[in-house]
Amino acid sequence: MLEENISEKSGFVRLALGIGLTACGISHLVKENGNKTLGMLSITAGSLKIAEGIFLYCPTKAMFSNNVKNAVTTSMQEFMDGDSLMTAFNSRYNSGNQNSNGGNGSTMQQMTQTAAKVAETVANTTQSGTMMEEAAKAIQGVTNNANQKKSK
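FYI, the working numbering numbers position 84 of the sequence shown as 77, with every residue one higher than the one before it.
Mixed in with the good hints, there may be bad ones.
[What the hints assert, rightly or not] With a straight-line Cα cutoff of 20 Å, these simulated SDA-like cross-link-like pairs (lysine to any residue) come out:
hint: 1; residue 1: Lys2; residue 2: Leu14
hint: 2; residue 1: Lys130; residue 2: Thr105
hint: 3; residue 1: Lys130; residue 2: Ala109
hint: 4; residue 1: Lys54; residue 2: Leu10
hint: 5; residue 1: Lys110; residue 2: Asn137
hint: 6; residue 1: Lys29; residue 2: Gly13
hint: 7; residue 1: Lys62; residue 2: Ile(-1)
hint: 8; residue 1: Lys29; residue 2: Val65
hint: 9; residue 1: Lys29; residue 2: Thr15
hint: 10; residue 1: Lys130; residue 2: Val111
hint: 11; residue 1: Lys62; residue 2: Tyr50
hint: 12; residue 1: Lys54; residue 2: Ala9
hint: 13; residue 1: Lys54; residue 2: Gly4
hint: 14; residue 1: Lys2; residue 2: Lys62
hint: 15; residue 1: Lys24; residue 2: Leu41
hint: 16; residue 1: Lys130; residue 2: Tyr86
hint: 17; residue 1: Lys29; residue 2: Ser40
hint: 18; residue 1: Lys29; residue 2: Gly11
hint: 19; residue 1: Lys62; residue 2: Leu(-5)
hint: 20; residue 1: Lys110; residue 2: Ala131
hint: 21; residue 1: Lys2; residue 2: Val65
hint: 22; residue 1: Lys2; residue 2: Gly13
hint: 23; residue 1: Lys2; residue 2: Leu41
hint: 24; residue 1: Lys130; residue 2: Gln106
hint: 25; residue 1: Lys110; residue 2: Ile132
hint: 26; residue 1: Lys130; residue 2: Ala108
hint: 27; residue 1: Lys54; residue 2: Leu41
hint: 28; residue 1: Lys62; residue 2: Pro52
hint: 29; residue 1: Lys2; residue 2: Ile47
hint: 30; residue 1: Lys54; residue 2: Val65
hint: 31; residue 1: Lys2; residue 2: Tyr50
hint: 32; residue 1: Lys2; residue 2: Phe48
hint: 33; residue 1: Lys54; residue 2: Ala38
[As the list claims (entries may be wrong)] Simulated restraints on C-beta separations:
hint: 34; residue 1: Glu(-3); residue 2: Gly134; range: 56 to 64 Å
hint: 35; residue 1: Glu1; residue 2: Asn26; range: 36 to 44 Å
hint: 36; residue 1: Phe57; residue 2: Gly134; range: 48 to 56 Å
hint: 37; residue 1: Ser20; residue 2: Ser58; range: 29 to 37 Å
If you're looking for bench data, these hints aren't it; they were derived computationally from the structure.
The model shown is predicted, which means the values in this text are computed figures rather than measured ones.
Virtual Cβ for every residue (Gly too), placed ideally from N, Cα, C.
Please put together the full structure from these sequences, using the hints given.
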């Protein structure tokens, strides 16, 4: 059984348009000098619209909504995949490191220095023993560790 994918209002409009298209197609076929090809196309399109209106199902809409749903699902799965995120991160920042200042990794050093400054500011402005201070200490530890690895 086909699952309805259009509303009743849209079905009524499609039914009315289908009847109109079919009538126009028949009139083209009846005329002596009428365009027979246009008449057949109008009758075909009209009958399809009538069927869509009766069954409240549009195959074109179903095809596009499935394709869009699959594309969004695939994109979100790829986006949430850790490997692709790390690949994108590495390509962005590693290529930047090689291109700037002779490839000495100044971009990464700037990032760690900025993180250290933020951590120091947070640690200085929060009360001792708070979660923010602990987070700031953790950030300082990570940046110090990163700076030590860079200097080796």
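Here's how the hints hold up against the structure:
Note on Lys2 and Leu14: the hinted pairing holds, with a Cα-Cα distance of about 18 Å set against a maximum of 20 Å. Restraint check: the Cα-Cα separation between Lys130 and Thr105 comes to about 14 Å, which is no more than 20 Å; the hinted pair holds. This hinted pair checks out: Lys130 and Ala109 have alpha carbons roughly 9 Å apart, not beyond 20 Å. Of the supplied pair hints, the one linking Lys54 and Leu10 holds, its CA atoms being roughly 17 Å apart against a limit of 20 Å.
Distance restraint check for Lys110 and Asn137: the Cα-Cα separation of roughly 11 Å lies within the 20 Å cut-off, and the hinted pair is therefore satisfied. The hinted pair formed by Lys29 and Gly13 meets the criterion: a straight-line CA distance of about 17 Å does not exceed 20 Å. In summary, the hint linking Lys62 to Ile(-1) is supported, as the alpha carbons are separated by about 17 Å, within the 20 Å threshold. Between Lys29 and Val65 the alpha-carbon distance is near 43 Å, which puts this suggested pair outside the 20 Å criterion.
About 13 Å separates the Cα atoms of Lys29 and Thr15, which keeps this hinted pair within 20 Å; it holds. Restraint check: the Cα-Cα separation between Lys130 and Val111 comes to about 11 Å, which is no more than 20 Å; the hinted pair holds. With a C-alpha separation of about 18 Å, the suggested pairing of Lys62 with Tyr50 holds against the 20 Å cut-off. Taking the CA atoms of Lys54 and Ala9, the gap is about 19 Å. The hint holds against a cut of 20 Å.
The suggested pairing of Lys54 with Gly4 holds, with an alpha-carbon distance near 13 Å, which does not exceed 20 Å. A threshold of 20 Å between alpha carbons decides the hint, and for Lys2 with Lys62 the separation of about 24 Å lies outside it, so the pair is violated. Restraint check: the Cα-Cα separation between Lys24 and Leu41 comes to about 23 Å, which exceeds 20 Å; the hinted pair is violated. For the proposed pair Lys130 and Tyr86, the alpha carbon gap of about 25 Å is over 20 Å, so the pair is violated.
A distance of roughly 16 Å separates the Cα atoms of Lys29 and Ser40; the hinted pair therefore holds under the 20 Å criterion. With a C-alpha separation of about 18 Å, the suggested pairing of Lys29 with Gly11 holds against the 20 Å cut-off. A threshold of 20 Å between alpha carbons decides the hint, and for Lys62 with Leu(-5) the separation of about 18 Å falls inside it, so the pair holds. This hinted pair checks out: Lys110 and Ala131 have alpha carbons roughly 13 Å apart, not beyond 20 Å.
Taking the CA atoms of Lys2 and Val65, the gap is near 28 Å; set against the 20 Å cutoff, the hint is violated. Proposed proximity of Lys2 and Gly13 is supported: the alpha carbons are some 17 Å apart, at most 20 Å. In summary, the hint linking Lys2 to Leu41 is supported, as the alpha carbons are separated by about 17 Å, within the 20 Å threshold. Restraint check for Lys130 and Gln106: the C-alpha separation of about 14 Å stays at or below 20 Å, so the hint holds.
With a C-alpha separation of about 10 Å, the suggested pairing of Lys110 with Ile132 holds against the 20 Å cut-off. Proximity of Lys130 to Ala108 is assessed by CA-CA distance (about 11 Å); at most 20 Å being required, the pair is judged to hold. Proximity of Lys54 to Leu41 is assessed by CA-CA distance (about 13 Å); at most 20 Å being required, the pair is judged to hold. Of the supplied pair hints, the one linking Lys62 and Pro52 holds, its CA atoms being roughly 15 Å apart against a limit of 20 Å.
Distance hint between Lys2 and Ile47 is fulfilled; the C-alpha atoms sit about 11 Å from each other, no more than 20 Å. Restraint check for Lys54 and Val65: the C-alpha separation of about 16 Å stays at or below 20 Å, so the hint holds. A threshold of 20 Å between alpha carbons decides the hint, and for Lys2 with Tyr50 the separation of about 12 Å falls inside it, so the pair holds. For the proposed pair Lys2 and Phe48, the alpha carbon gap of about 12 Å is at most 20 Å, so the pair holds.
Annotation: proposed proximity of Lys54 to Ala38 holds, straight-line Cα distance about 16 Å (limit 20 Å). Look at Glu(-3) against Gly134: about 59 Å separates their beta carbons, and that is inside 56 to 64 Å. One distance hint, 36 to 44 Å for the beta-carbon pair Glu1 and Asn26, holds here, with the actual separation near 40 Å. In this structure the supplied range 48 to 56 Å holds for Phe57 paired with Gly134, their Cβ-Cβ distance being about 51 Å.
Between Ser20 and Ser58 the beta carbon distance is about 35 Å. The supplied range of 29 to 37 Å therefore holds.
In this structure, the hints that do not hold are numbers 8, 14, 15, 16, 21, in rising order.
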